[in-house]
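K.L.:
Going line by line, the protein sequences match chains A and B.
Take the first sequence: its letters are residues 186 to 553, numbered as in the numbering used here.
Take the second sequence: its letters are residues 7 to 428, numbered as in the numbering used here.
Source of the hints: derived by calculation from the structure; they are not laboratory data.
Do not take every clue at face value.
When the alpha-carbon atoms are kept at most 25 Å apart in a straight line, the in silico DSS-like pairs for lysine-lysine are as follows [what the hints assert, rightly or not]: (1) B:Lys138 x A:Lys458; (2) B:Lys288 x A:Lys472; (3) A:Lys472 x B:Lys300; (4) A:Lys458 x B:Lys288.
Between beta-carbon pairs, the in silico distance windows are [as the list claims (entries may be wrong)]: (5) B:Gln401 x A:Lys458: 50 to 60 Å; (6) A:Ala297 x B:Trp105: 51 to 61 Å; (7) A:Asp318 x B:Asn78: 30 to 40 Å; (8) B:Lys187 x A:Gly268: 50 to 60 Å; (9) B:Ser23 x A:Glu440: 55 to 65 Å; (10) A:His355 x B:Asn78: 47 to 57 Å; (11) A:Thr468 x B:Glu271: 15 to 25 Å; (12) A:Val442 x B:Lys187: 57 to 67 Å; (13) B:Arg213 x A:Gly550: 16 to 26 Å.
Examples of chain A residues lying across from chain B (beta carbon under 7 Å, computed) [as the list claims (entries may be wrong)]: (14) Tyr389; (15) Ala390; (16) Ser392; (17) Ile395; (18) Tyr417; (19) Glu450; (20) Val471; (21) Val476; (22) Ser477.
Even glycine gets a Cβ: it sits at the ideal position worked out from N, Cα and C.
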Amino acid sequence: MRIDTCGLILADDKRINLGELMRPRALGAVPFGGRYRIIDFNLSNMVNSGITSIGVSTFNKYKSLMDHIGTGSAWDLDRKRQGLSILPPYISSDAYAGESDDLLGILNFFRARREQYMIITSSNVIMTTAYNDFVESHVESGADMSVMYNRDGINSGEPNLILDLDRRGHLREAYTNPAKPVSTRSSLGTVCIKRELFLDMISYAISRGIPEVSIEYLIREHKSINVRGYEYKGVALRINSVQEYFDATMRSLTEDVAEALYWTENPVYTKVKDEAPAFFGETSEVKGSMVSDGCYIAGEVSESMLFRGVQVGEGAKLDNCIIFQNTQIGEGCTLSHVIIDKNCTIRPGISLIGQPDYPVVIGKGATV
Amino acid sequence: MQKKDMVAMILAGGQGSRLGALTNQMAKPAVPFGSRYRIIDFPLSNCTNSGIDTVGVLTQYQPLALNTYVSNGHPWDLDRNNGGAFILPPYQQIEGTDWYTNTANAIFQNLGFIQNFDPKYVLILSGDHVYKMDYNKMLNHHIKNEADVTIAVIEVPWDEASRFGIMNTDEDMKITEFQEKPAEPESNLASMGIYIFTWDVLKKSLRADARDKDSAHDFGKNIIPALLDAGSNLVAYTFDGYWKDVGTIFSLWEANMDLLDTPDEIDLRDASWRIYSRNPVKPAHYISESATIKNSCTTDGCRVMGHVEHSVLGHSVIVEEGAIVRDSVLLPGSIIRSGAVVDKAIIGLDSVVSRNVKIGHTADKKTEDCVYENEYCSHGISVVDNGVILKENAQIPENCMVEPLEGLSEEDDVIESTQLVW
């Protein structure tokens with residue numbers, strides 16, 4: 186069933202610190218799953234729901250994101266009718282009044298839309314779903330806003346928004362990183378709201394000098410609007426820290442999580458890169474891992490995620506590693522529990538050992 | 007339309023009958039190759055990388071797969087306002103319908119299309135060769151020699167020269183004679199079927215040929231010899247690189263194996279000359295705990311849980327735990343189930359090799375006793391048709407081609423069911 190909905194993706198989040206991984210890029214542009222970026226999941230979820238009017242909001246470091254998204258053609262969003270719009274921070278002439286001007290870009294885009302409802306999502310949860318059921322259930326409930334949540338968020342790190350719902354599913358109170366959580370319901374950072382109501386709330390925020398649009402801000406307005414919760418029962422991987430990013434990747438290597446993310450009726454779209462196929466050499470030994478086009482593997486790789494174009498030299502041994510695009514691992518290297526960003530060179534024989542609860546991160550372009 | 011320097015015409019209308027079942031429902035250029043590609047990706051990508059932005063793709067035989075695949079030309083940067091990729095099927099005219107009778111006739115029927123762009127030169131290519139070539143270099147050679155036609159040639163081993171169309175040349179590479187499959191070849195320069203014509207020469211020559219009722223309307227047999235006889239300036243351009251005509255089961259299999267055995271020859275990893283293809287939108291390749299994979303290649307959507315050795319896997323291929331695949335080519339979407347052993351085979355698109363099936367030398371049946379024995383299969387290579395689900399425990403020996411055949415007994419028939427693919 187068609188849902189009359191447009192989308193807003195908040196592709197960055199000031200509260201989330203992924204260290205070196207976010208130094209050169211926005212949160213939504215962080216690579217995940219061998220050939221994707223986090224925002225691919227947000228965009229694909231919307232497109233697979235029939236949402237084709239989408240604004241992507243960022244601030245700072247949005248070059249990676251813009252290069253990746255382009256005109257949106259990989260998600261069939263390069264259109265005359267509706268389509269994708271990247272909303273960089275909006276600076277109106279000389280009268281830049283501070284950060285609240287960032288919101289004007291968002292306001293203007295959504296004032297020009299015609300859809301009745303909006304899905305707003307942040308970029309720190311990896312999941313594959315269509316939002317149709319979520320929207321329909323929201324419309325039926327008559328609430329002002331619906332918040333998607335699941336029950337395993339309390340195990341993840343901060344920032345965590347715990348929801349205290351009453352028996353009818355309406356929000357009584359929302360707690361950020363509570364020491365003693367009153368419930369196991371944790372927000373997944375995705376809400377459904379009437380577009381007009383959203384515009385009102387944002388205009389009101391601007392008028393009171395509040396510079397930020399976040400899911401948390403909207404939820405905290407629950408005293409003046411009627412907010413209810415919607416439980417999502419599928420697989421959702423939160424990315425709130427480097428540790429969680431690492432854990433999420435390792436979880437995605439297991440069969441049922443991989444199935445839930447990649448092998449549903451909702452494909453995950455991403456920008457095409459035209460690499461050669463992955464080659465496994467005579468001396469390669471790969472187990473429990475995912476590799477991508479352009480990889481050339483002559484060494485041993487286990488429980489790892491290799492992005493496009495990664496080369497693993499003969500005699501190298503990798504376990505529990507995440508290696509981003511075009512990085513070269515020299516012969517005889519030993520890497521365990523390591524995340525290595527793009528375009529790095531690890532010289533032959535180097536040993537880098539992290540721990541399951543403290544992976545070592547090598548930043549983009551480094552030579553070790 | 008904007009005037010173009012050179013327009014390329016890719017002849018993709020042929021059946022490729024020696025590929026047997028693999029081309030029953032699709033034209034040869036649409037046949038998947040090299041893990042993530044289809045054969046036509048090579049001439050198309052060569053055009054893009056050579057800066058040619060206007061390409062006509064002449065289709066005729068079973069064009070659905072090819073037309074859908076090429077479509078608007080977007081993956082090869084050929085989705086353009088000025089020029090771009092054009093699918094050119096035969097069409098009805100006031101004087102009645104005429105299928106393309108042969109290569110020269112196909113171009114002749116599309117003279118109007120080419121005239122739209124009023125080019126100086128026309129590049130004629132076949133859609134079923136695997137190679138990387140900068141056509142600009144060939145064009146420069148054509149211009150420098152003030153040629154009417156330039157024919158790309160490649161040196162073949164002398165003992166094989168009698169299989170090819172051979173060009174005899176003088177020291178300046180001017181073509182003096184053309185010999186089709188000569189018993190006693192005087193040269194070992196074989197025609198690659200790649201021509202650059204000066205536009206006026208092409209127009210005149212095709213029109214003259216169209217009026218000749220006895221002509222077979224073939225470039226190699228008719229157009230080139232006629233131009234030679236008329237004293238036109240035909241020049242040879244020697245190509246020195248990897249080139250494969252994947253027209254037989256053996257050559258298709260061997261070209262795939264070349265990617266594993268001599269990868270530097272075609273060098274798909276060369277970023278300066280990328281081979282583009284249409285994206286199947288699938289996740290990264292999954293190699294399970296139980297898998298072994300060596301000397302092979304995979305692409306998006308592959309899930310390997312079994313044993314894979316010296317094989318080429320297309321997108322979305324599944325090799326289950328307990329399955330063994332060696333020296334084989336698995337086309338996109340094929341599934342090899344647990345207990346199956348596949349040796350030296352080509353498994354078709356979306357086909358399923360069911361549990362415990364044996365294909366190749368481990369099968370407990372002799373080729374001569376098998377109803378699927380096929381003259382197109384040689385060198386011990388067996389083929390399973392596209393869209394075929396095999397019966398469990400089926401035994402398929404070497405040199406067989408498994409496709410739906412009429413009048414088979416329950417015992418001989420190894421096909422459980424079939425599905426439509428493209």
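K.L.:
Take the hints in turn and mark each one as holding or not.
P.N.:
Now the hints, each set against the structure:
no.	hint	result
1	B:Lys138 x A:Lys458	19 Å, holds
2	B:Lys288 x A:Lys472	20 Å, holds
3	A:Lys472 x B:Lys300	12 Å, holds
4	A:Lys458 x B:Lys288	13 Å, holds
5	B:Gln401 x A:Lys458: 50 to 60 Å	42 Å, violated
6	A:Ala297 x B:Trp105: 51 to 61 Å	52 Å, holds
7	A:Asp318 x B:Asn78: 30 to 40 Å	34 Å, holds
8	B:Lys187 x A:Gly268: 50 to 60 Å	56 Å, holds
9	B:Ser23 x A:Glu440: 55 to 65 Å	43 Å, violated
10	A:His355 x B:Asn78: 47 to 57 Å	50 Å, holds
11	A:Thr468 x B:Glu271: 15 to 25 Å	21 Å, holds
12	A:Val442 x B:Lys187: 57 to 67 Å	59 Å, holds
13	B:Arg213 x A:Gly550: 16 to 26 Å	60 Å, violated
14	Tyr389	41 Å, violated
15	Ala390	38 Å, violated
16	Ser392	44 Å, violated
17	Ile395	40 Å, violated
18	Tyr417	21 Å, violated
19	Glu450	13 Å, violated
20	Val471	5 Å, holds
21	Val476	5 Å, holds
22	Ser477	5 Å, holds
Violated hints, listed in ascending order, are 5, 9, 13, 14, 15, 16, 17, 18, 19; each of the other numbered hints is respected by the structure.
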